[in-house]
Amino acid sequence: MITFRRISQLLFLTLFIVLFFQAGFPYASILPADLFLRASPLVAVAVMLAGRVFIATMILGLAILLLTIPFGRFFCGWICPLGTIIDGSDHLIRRKRPPARQRESLRWRSWKFFLLAAVLISAIFSTQFIWFFDPIALLTRTFTTVLYPVFAFALGALFNAAFKLPFLEDTVYSLYDAAQTHALLPIQQPRFFETGLIVAIFALILGLGMVSRRFWCRNLCPLGALLGIFSRYRLTRRYVSEACTSCSLCQRACKMNAIEDDYTVNNTVECIECAECVSVCKPHAVSYRFGRNPGKNEIDLSRRRLLQASAAGLAGLALFKTAAVSRIQKGHAIRPPGALVEEQFLDRCIRCQECVKICSTTGSCLQPSLTESGAEGLWSPVSIPRVGYCEYSCNLCGQVCPTGAIQPLALPDKQKTKMGMAYFDKSRCIPWYKQEDCLVCEEHCPLPEKAILFDVHEARGPDGTLRTVKFPYVNEDRCIGCGICENKCPVVGAPGIFVTAAKETRLSAPVAMRGAASAG
Amino acid sequence: MQDKITRRDFIRIGAGAGLAVTTLPGAPQWLQAAPASPLLAVARNGAPGVLVRKAVEALGGMGQFVKKGQSVLLKPNMGWDRLPEQAANTNPEAVAEVIKMCFEAGAAQVRVLDRTCNEPRRCYLRSGIEKAAKAAGAEVRHIVESRFEEIQIPGGELVTSWPIYRDAIESDVIINMPIAKHHSISGVTLSFKNLMGLLGGDRGALHNHFMTKIVDINTAVKPALTIIDAWRIMLRNGPTGGSLADVAEKRIILASADRVAADAWAMGLFNIDPATVEYLRHASRRGLGQLDLKRVKIEEINLGV
Numbered sequence: 001m002i003t004f005r006r007i008s009q010l011l012f013l014t015l016f017i018v019l020f021f022q023a024g025f026p027y028a029s030i031l032p033a034d035l036f037l038r039a040s041p042l043v044a045v046a047v048m049l050a051g052r053v054f055i056a057t058m059i060l061g062l063a064i065l066l067l068t069i070p071f072g073r074f075f076c077g078w079i080c081p082l083g084t085i086i087d088g089s090d091h092l093i094r095r096k097r098p099p100a101r102q103r104e105s106l107r108w109r110s111w112k113f114f115l116l117a118a119v120l121i122s123a124i125f126s127t128q129f130i131w132f133f134d135p136i137a138l139l140t141r142t143f144t145t146v147l148y149p150v151f152a153f154a155l156g157a158l159f160n161a162a163f164k165l166p167f168l169e170d171t172v173y174s175l176y177d178a179a180q181t182h183a184l185l186p187i188q189q190p191r192f193f194e195t196g197l198i199v200a201i202f203a204l205i206l207g208l209g210m211v212s213r214r215f216w217c218r219n220l221c222p223l224g225a226l227l228g229i230f231s232r233y234r235l236t237r238r239y240v241s242e243a244c245t246s247c248s249l250c251q252r253a254c255k256m257n258a259i260e261d262d263y264t265v266n267n268t269v270e271c272i273e274c275a276e277c278v279s280v281c282k283p284h285a286v287s288y289r290f291g292r293n294p295g296k297n298e299i300d301l302s303r304r305r306l307l308q309a310s311a312a313g314l315a316g317l318a319l320f321k322t323a324a325v326s327r328i329q330k331g332h333a334i335r336p337p338g339a340l341v342e343e344q345f346l347d348r349c350i351r352c353q354e355c356v357k358i359c360s361t362t363g364s365c366l367q368p369s370l371t372e373s374g375a376e377g378l379w380s381p382v383s384i385p386r387v388g389y390c391e392y393s394c395n396l397c398g399q400v401c402p403t404g405a406i407q408p409l410a411l412p413d414k415q416k417t418k419m420g421m422a423y424f425d426k427s428r429c430i431p432w433y434k435q436e437d438c439l440v441c442e443e444h445c446p447l448p449e450k451a452i453l454f455d456v457h458e459a460r461g462p463d464g465t466l467r468t469v470k471f472p473y474v475n476e477d478r479c480i481g482c483g484i485c486e487n488k489c490p491v492v493g494a495p496g497i498f499v500t501a502a503k504e505t506r507l508s509a510p511v512a513m514r515g516a517a518s519a520g
Numbered sequence: 521m522q523d524k525i526t527r528r529d530f531i532r533i534g535a536g537a538g539l540a541v542t543t544l545p546g547a548p549q550w551l552q553a554a555p556a557s558p559l560l561a562v563a564r565n566g567a568p569g570v571l572v573r574k575a576v577e578a579l580g581g582m583g584q585f586v587k588k589g590q591s592v593l594l595k596p597n598m599g600w601d602r603l604p605e606q607a608a609n610t611n612p613e614a615v616a617e618v619i620k621m622c623f624e625a626g627a628a629q630v631r632v633l634d635r636t637c638n639e640p641r642r643c644y645l646r647s648g649i650e651k652a653a654k655a656a657g658a659e660v661r662h663i664v665e666s667r668f669e670e671i672q673i674p675g676g677e678l679v680t681s682w683p684i685y686r687d688a689i690e691s692d693v694i695i696n697m698p699i700a701k702h703h704s705i706s707g708v709t710l711s712f713k714n715l716m717g718l719l720g721g722d723r724g725a726l727h728n729h730f731m732t733k734i735v736d737i738n739t740a741v742k743p744a745l746t747i748i749d750a751w752r753i754m755l756r757n758g759p760t761g762g763s764l765a766d767v768a769e770k771r772i773i774l775a776s777a778d779r780v781a782a783d784a785w786a787m788g789l790f791n792i793d794p795a796t797v798e799y800l801r802h803a804s805r806r807g808l809g810q811l812d813l814k815r816v817k818i819e820e821i822n823l824g825v
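First to last, the sequence lines map onto chains A and B.
First residue of the first sequence: 1, per my numbering; consecutive thereafter.
First residue of the second sequence: 521, per my numbering; consecutive thereafter.
Just so you know, the hints here were simulated from the structure itself, not pulled from any lab data.
Cβ atoms here follow ideal geometry from the backbone N, Cα and C, with glycine treated the same way.
A few of these clues could be false.
[Stated by the list, open to error] Far from chain A, by Cβ distances over 12 Å, these chain B residues were calculated: (1) Leu603; (2) Gln672; (3) Asn791; (4) Asp793; (5) Ala795; (6) Lys817; (7) Ile821.
[Stated by the list, open to error] If we take Cβ atoms under 7 Å as the criterion, some of the chain B residues that face chain A in the derived model are: (8) Gly657; (9) His702; (10) Ile705; (11) Ser706; (12) Gly720; (13) Gly721; (14) Asn728; (15) Thr760; (16) Gly762; (17) Ser763; (18) Lys814.
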């Protein structure tokens with residue numbers, strides 16, 4: 001059984017990674033690239049609660065939640081890719097032998113319920129904060145902004161070094177090109193602003209394995225807490241026969257510390273069905289059977305502590321909610337095309353960076369926000385045109401958004417959706433400040449009827465000569481704020497043309513549920 | 521004002537001098553590349569693949585340009601995330617046919633690439649060129665930044681050195697294959713500007729004093745053959761376009777070893793007098809080719825009824 005579990009864990013981790021790479025152009029995945037995010041019960045519950053909306057794409061998450069009632073926390077033990085990575089890292093950083101014949105501490109394990117309480121209470125008050133804690137969102141975020149750029153850099157560096165091998169150059173180039181054509185390697189190195197906090201959180205989660213195995217899962221993961229509550233009444237039970245010699249091996253082998261000092265009893269809230277106890281038992285006394293579990297299944301939480309946690313959660317949220325955001329910052333919070341109105345957008349966005357990942361394979365305009373949308377909007381996607389621009393014929397971000405924070409738009413609709421509008425800075429734009437032609441912005445403007453036009457007239461240059469100059473200006477009705485003008489502007493530093501969120505088109509949920517719009 | 525007159529005079533004298541120099545023995549090699557009476561083939565009214573073959577045959581066949589065992593760099597315009605019918609990129613059928621002709625002439629290798637303006641994978645895929653060129657046997661490659669090499673441009677007036685893609689330096693033969701499109705910089709973008717797809721660095725910086733700089737670049741990269749795809753041309757809102765209303769189906773493909781003559785002839789499709797186009801005047805003055813179409817031998821092939 002333990003072999004089956006390991007195979008299942010590896011298969012699901014592999015699927016997670018394959019789907020991660022599938023989130024790219026051209027997007028032709030059989031399974032949706034955001035499948036794991038859609039399957040997170042915690043995301044489903046918190047986002048639907050906060051947004052007061054039923055989200056059809058998240059139905060898989062609800063299904064897993066319901067399946068937990070009869071089958072227990074199989075998701076944690078058999079599927080969760082973060083759980084599998086933690087198992088792997090625990091294996092690497094911990095001593096091979098189980099700890100001494102004494103039960104590990106239980107003192108931290110109620111924390112995950114406090115976190116869950118805080119998250120759900122805030123969702124009831126219409127503020128979604130699960131994005132910080134959901135393990136699938138957290139892992140996808142880490143993959144996109146940390147692991148993938150490092151992987152791409154390392155592989156790219158390897159290829160560039162191999163280019164210097166005299167006779168293999170053609171072979172290396174052909175391999176390099178194949179890797180790029182098939183989207184294993186991005187053409188442009190993905191680069192993200194300050195990802196220190198994302199790295200630190202991931203490193204902490206793995207590093208806590210030094211304290212105990214699956215420290216995150218045992219003590220902190222609010223998804224585990226939610227599934228634990230639902231698995232109290234599970235119909236599978238751990239059965240220990242008369243052959244038990246009370247040797248304590250199973251208790252020491254249990255990753256979740258779920259086996260009580262009477263080794264025949266386990267805590268069904270904590271048990272993740274990993275079956276380590278079955279495989280480790282020398283007299284083969286342990287098995288899993290159908291039936292109501294006679295074991296311990298209460299959650300040891302005092303009502304007082306729970307109320308304290310909820311209050312603390314609400315206070316923390318209030319701090320986020322009341323943090324100042326200047327209008328300059330807001331003007332730079334250029335959202336992806338198809339984004340819901342800001343309040344609804346923040347209720348739905350789980351900061352998973354799936355949109356950022358798929359964007360990094362095309363125009364690369366999306367970045368996890370740091371300051372643009374204030375503290376509350378941390379890591380939510382914003383377009384930074386000086387880094388990348390929105391490809392006119394791309395509508396992929398909305399197709400991989402698991403929660404519909406970015407609605408999927410058919411290509412003709414996307415091409416009419418304004419992310420913002422471009423403005424000239426006449427003190428920096430070459431034709432305006434030194435009366436010389438430039439026109440790079442106009443050249444790249446992708447609209448069939450260009451949104452950048454010229455006013456051609458004579459002007460006196462800095463040297464006093466009269467010359468005919470093409471002075472560019474923006475047509476407000478046509479501009480969709482894609483940002484290619486700002487991106488390509490040859491002026492060093494701050495550009496001569498820049499996009500703000502002015503005149504942006506934002507959708508209001510639930511006008512169009514996912515699936516209504518066709519892929520383009 | 522004094523300054524302007526001097527420049528014009530200089531151009532006039534320079535153009536004459538340039539012509540004279542090309543006929544002199546011992547002139548620099550890049551000047552000799554342009555014969556005084558070049559041949560230009562214009563094929564009309566047929567499928568793109570047929571027209572491009574007829575045009576090259578009229579110049580004496582691909583064997584005139586590609587010898588057995590040589591490596592060929594074919595530079596179409598595939599710089600934009602647009603579909604073939606939008607006429608922002610070179611016609612994929614014509615590109616495939618040129619590749620076939622190169623192999624028929626004995627080419628050891630044909631490589632197709634472009635430093636694109638939109639995201640490279642989108643451009644390669646949606647232009648239809650990647651698929652067509654690969655099917656014809658070419659290697660279609662994405663640009664790798666580390667393969668640009670800074671080269672000196674001794675003939676450069678404003679640009680004296682620039683990073684150029686290694687394949688453009690090392691290939692035996694370069695074939696330049698632009699599509700004829702509207703462009704606000706010079707009215708039309710043709711073969712001269714198409715070579716920008718082989719340049720590294722910050723190309724935006726070239727758009728200031730573009731007319732001189734693009735000729736500087738063209739003294740450094742020397743295509744043996746220029747084929748202009750005017751099967752569909754983009755009349756407005758170039759070089760990106762997008763609207764089919766801006767596309768005219770001309771069903772013309774022209775070819776010449778003389779890029780100035782080729783560009784000059786194609787200007788006529790947009791009702792522009794080539795003599796008024798500043799970069800062509802510079803190019804002619806600096807001996808890159810024949811601007812005066814009266815001095816060009818034009819071979820017309822009309823397959824239509």
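Query raised in the report: Hint by hint, which ones does this structure get wrong, listed from lowest number up?
Result: Checked against the structure, the hints that fail are numbers 1, 8, 9, 11, 12, 13, 18, while the rest are satisfied.
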